[in-house]
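Hey, can you work out the whole structure from these sequences and the hints?
Quick note, the sequences are listed as chains A and B, same order. Our numbering applies: residue 1 is where the first sequence begins, and numbers increase by one. Our numbering applies: residue 260 is where the second sequence begins, and numbers increase by one.
Since the hints were made in silico from the structure, they are not lab data. Certain hints may be false.
Stated by the list, open to error - Just a sample of chain A residues kept apart from chain B, beta carbon distances all over 10 Å, derived:
{"hint": "1", "residue": "Asn24"}
{"hint": "2", "residue": "Ala29"}
{"hint": "3", "residue": "Met53"}
{"hint": "4", "residue": "Asp72"}
{"hint": "5", "residue": "Gly88"}
{"hint": "6", "residue": "Phe91"}
{"hint": "7", "residue": "Val125"}
{"hint": "8", "residue": "Cys159"}
{"hint": "9", "residue": "Asp169"}
{"hint": "10", "residue": "Ala225"}
{"hint": "11", "residue": "Pro237"}
{"hint": "12", "residue": "Ser255"}
To be verified - If you anchor each label on the Cβ, the simulated ranges turn out as follows:
{"hint": "13", "chain 1": "A", "residue 1": "Gly152", "chain 2": "B", "residue 2": "Trp408", "range": "43 to 49 Å"}
{"hint": "14", "chain 1": "B", "residue 1": "Phe404", "chain 2": "A", "residue 2": "Lys65", "range": "35 to 41 Å"}
{"hint": "15", "chain 1": "A", "residue 1": "Asp6", "chain 2": "B", "residue 2": "Val381", "range": "56 to 62 Å"}
{"hint": "16", "chain 1": "B", "residue 1": "Gln451", "chain 2": "A", "residue 2": "Ser4", "range": "55 to 61 Å"}
{"hint": "17", "chain 1": "A", "residue 1": "Phe17", "chain 2": "B", "residue 2": "Arg563", "range": "39 to 45 Å"}
{"hint": "18", "chain 1": "B", "residue 1": "Leu561", "chain 2": "A", "residue 2": "Phe17", "range": "54 to 60 Å"}
{"hint": "19", "chain 1": "B", "residue 1": "Gln451", "chain 2": "A", "residue 2": "Gly40", "range": "26 to 32 Å"}
{"hint": "20", "chain 1": "B", "residue 1": "Thr567", "chain 2": "A", "residue 2": "Thr121", "range": "38 to 44 Å"}
{"hint": "21", "chain 1": "A", "residue 1": "Lys128", "chain 2": "B", "residue 2": "Ala455", "range": "21 to 27 Å"}
Glycine included, every Cβ here is placed at the ideal spot set by N, Cα and C.
The primary structure of each chain is shown beneath.
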Amino acid sequence: MAKSIDVSDVNIYYGDFLAVEGVNMTIRAKSVTAFIGPSGCGKSTVLRSLNRMHEVIPGARVEGKIVVDGQDLYAPEVDPVAVRRQVGMVFQRPNPFPTMSIYENVISGLRLNSKRMNKSTADGVVEKSLRGANLWNEVKDRLNKPGAGLSGGQQQRLCIARAIAVQPDVLLMDEPCSALDPISTSAIEDLIHELKSDYTIVIVTHNMQQAARVSDETGFFNLKATGEPGRLVEFNPTKKMFSNPDESATEAYISGRFG
Amino acid sequence: MTATLDEKSTDSSLSGKRPGDAIFRGTTLAASLLVIVFLAGVAIFLAVKGAPALDAGPENLRDKANVFALVGALLFGTVLAAAIAMIIVAPLSIGLGLVISHYAPRRLAKPVGFLVDLLAAVPSVVFGLWGIFVLAPRMQPVHEFLVDWFGWIPLFAGPASGTARTLLTASIVLALMALPIVTAIMREVFSQTPRAHQEAALALGATRWEMIRMTVLPYGRSGMVAALLLGLGRALGETMAVAMVLSTTGVITSWNIVSSQNSNTVAAFIAQGYKEASPIRVAVLIFAGLALFALTFLVNFLGRAIATRGTVKG
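This is the structure in structure tokens:
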């Protein structure tokens with residue numbers, strides 16, 4: 001069910017402002033692709049355009065093609081709601097629904113569109129998703145407690161469980177560890193390794209070691225100059241990016257000689 | 260413990276050293292004390308001037324045995340009218356609040372919100388006149404309909420009033436008058452839903468309505484209750500519109516809101532009665548005012564309490 005994503009000639013606008021220009025890349029199925037780059041270079045914007053979440057901001061629009069499994073996400077007949085069911089997302093800050101229990105949080109995506117399911121199916125999905133997110137053993141005795149009572153790292157894994165419960169083709173992660181301590185971060189990174197066998201994962205990170213640790217391929221985004229739109233500077237296998245990148249700008253950024 | 264200690268020590272060090280702080284502290288303290296003094300003054304005035312009503316005879320109490328029976332009947336009508344108004348306001352204000360905060364494009368949301376706020380600027384006399392001359396004639400067939408089809412509900416037992424100047428019509432006018440404040444609070448409550456939660460729902464593939472049901476409504480639940488209670492507080496004390504719209508004959512306790520025999524409200528009773536008042540009747544009116552004062556105070560207090568509890572929880 002994991003799918004590859006073809007991005008061709010994508011420009012992303014916020015109103016009249018061109019935020020990202022001319023992005024071309026192919027994200028392979030069942031692999032982890034990391035986006036790195038300085039703040040404001042548009043890597044989160046590109047990530048959010050992969051499941052049409054950037055449209056939540058008024059005036060945002062995309063030119064070009066983003067094709068998942070032969071279907072252009074931006075074709076006029078495509079419903080953004082359907083896209084988001086296919087392409088799940090985990091955010092920077094853990095955001096479990098505060099009014100729901102752990103159990104309800106996991107099942108919330110499946111309850112959408114008033115889908116009916118019996119108790120045992122629901123129990124099965126909750127256990128499978130929580131096991132998939134490496135959280136089952138920690139919360140199995142308190143599934144009916146509020147999700148907001150967990151630690152930050154546990155909350156983030158709960159959000160991952162919630163995202164994979166709907167069995168998406170692709171999982172997007174927008175700096176999923178930036179609000180977490182090193183131990184929770186390591187738990188999430190281990191999880192990303194495991195999820196790779198079932199999902200196509202795209203992760204935005206500010207932490208270059210993290211990109212090197214978890215990803216198979218890396219895209220480096222940067223601004224051409226201040227006030228210019230962001231662009232994809234280089235897209236290559238992670239090993240190559242961190243040892244022998246094609247672009248001198250990539251090497252400068254990765255080795256900390258940026259500016 | 261430590262917090263209070265800290266506060267005290269900083270307080271004293273500040274007021275001792277900086278004259279600006281001392282002056283500011285003094286004026287704010289005086290202003291807040293003044294409010295309490297006014298409130299207490301009103302309560303004391305009502306209690307002292309209303310006390311003689313306890314000894315009033317039936318001839319001054321619209322044939323009620325004692326003042327509590329009279330005021331009780333009036334309070335019943337007051338609460339009934341305000342409650343019906345809130346039942347009408349609740350769906351309207353929730354819908355309007357959601358449209359303004361989540362559905363309408365920004366260019367449209369602002370003017371709509373402004374228009375609703377403008378409703379609050381219409382004088383209540385105008386609402387009353389509108390109720391008598393515009394709303395009541397149009398409500399008359401509705402009264403007939405309610406009595407014919409829903410007569411088995413005590414509220415609509417009938418017989419239908421010929422003028423439609425009933426508690427139902429008065430409640431609709433009250434609802435319109437409470438609408439701006441309730442909608443304004445609803446709008447504020449809804450727009451405070453954290454963006455992160457809304458995006459979480461959308462990223463799961465929720466439609467806009469599903470997103471609202473999953474995040475906005477549960478998050479704003481206590482705020483919504485508080486908004487309705489504050490609106491209720493306003494509807495309870497509203498005088499002119501009810502006094503004008505309602506045609507009353509004596510003080511009765513009746514669930515029937517569509518016949519010409521209506522329960523009356525405290526505020527309208529006072530407004531209608533103060534012209535022909537002898538000292539003892541004035542005392543009765545003031546006593547009724549005291550009861551209304553206590554009731555609105557309680558409702559507003561409850562509304563505020565729920566509102567603060569909600570923000571802590573969120």
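Cross-check of the supplied hints:
No Cβ of chain B comes within 10 Å of the Cβ of Asn24 of chain A; the nearest lies about 25 Å off, and the non-interface call holds. Consistency note on Ala29 of chain A: stated as away from chain B, and its beta-carbon is indeed over 10 Å from all of that chain's, at 20 Å minimum. With 10 Å as the threshold on Cβ separation, the claim that Met53 of chain A sits away from chain B is violated: the shortest Cβ distance comes to roughly 6 Å. Listed as a non-interface residue, Asp72 of chain A keeps its Cβ farther than 10 Å from every Cβ of chain B; the least gap is roughly 18 Å.
Not every CB of chain B is more than 10 Å from the CB of Gly88 of chain A (nearest about 7 Å), against its label as outside the interface. Chain B draws Phe91 of chain A into its interface by the beta-carbon criterion, the shortest separation being 6 Å against a cut-off of 10 Å. The Cβ of Val125 of chain A lies farther than 10 Å from every Cβ of chain B, with a closest approach of about 14 Å, so its non-interface assignment holds. A beta-carbon of chain B comes within 10 Å of the beta-carbon of Cys159 of chain A; the shortest separation is about 7 Å.
Distance check for Asp169 of chain A against chain B: the nearest CB is about 12 Å away, which clears 10 Å, and the non-interface claim stands. For Ala225 of chain A, the non-interface assignment is confirmed: its Cβ lies about 31 Å from the closest Cβ of chain B, beyond the 10 Å cut-off. With a least beta-carbon separation of about 28 Å from chain B, Pro237 of chain A lies farther than 10 Å from that chain, consistent with its non-interface assignment. Against the 10 Å criterion, Ser255 of chain A stays outside the reach of chain B, whose nearest CB is about 34 Å from its own CB.
At about 58 Å, the beta-carbon gap between Gly152 of chain A and Trp408 of chain B misses the expected band of 43 to 49 Å. Between Phe404 of chain B and Lys65 of chain A the CB atoms are about 58 Å apart, so this pair departs from the stated range of 35 to 41 Å. Distance hint for Asp6 of chain A and Val381 of chain B: a CB-CB separation of about 59 Å, consistent with the stated range 56 to 62 Å. Judged by the Cβ atoms, the range 55 to 61 Å given for Gln451 of chain B and Ser4 of chain A is violated: they are separated by roughly 40 Å.
As the Cβ distance of Phe17 of chain A to Arg563 of chain B is approximately 43 Å, the hint placing it in 39 to 45 Å holds. The hinted range of 54 to 60 Å is not satisfied by Leu561 of chain B and Phe17 of chain A, whose Cβ atoms lie roughly 48 Å apart. Taking the beta carbon of each, Gln451 of chain B and Gly40 of chain A are about 27 Å apart, inside 26 to 32 Å as hinted. A C-beta distance of roughly 41 Å is found between Thr567 of chain B and Thr121 of chain A, which places it inside the suggested range of 38 to 44 Å.
Separated by about 26 Å at the C-beta atoms, Lys128 of chain A and Ala455 of chain B satisfy the suggested range of 21 to 27 Å.
Of the numbered hints listed earlier, those contradicted by the structure are 3, 5, 6, 8, 13, 14, 16 and 18.
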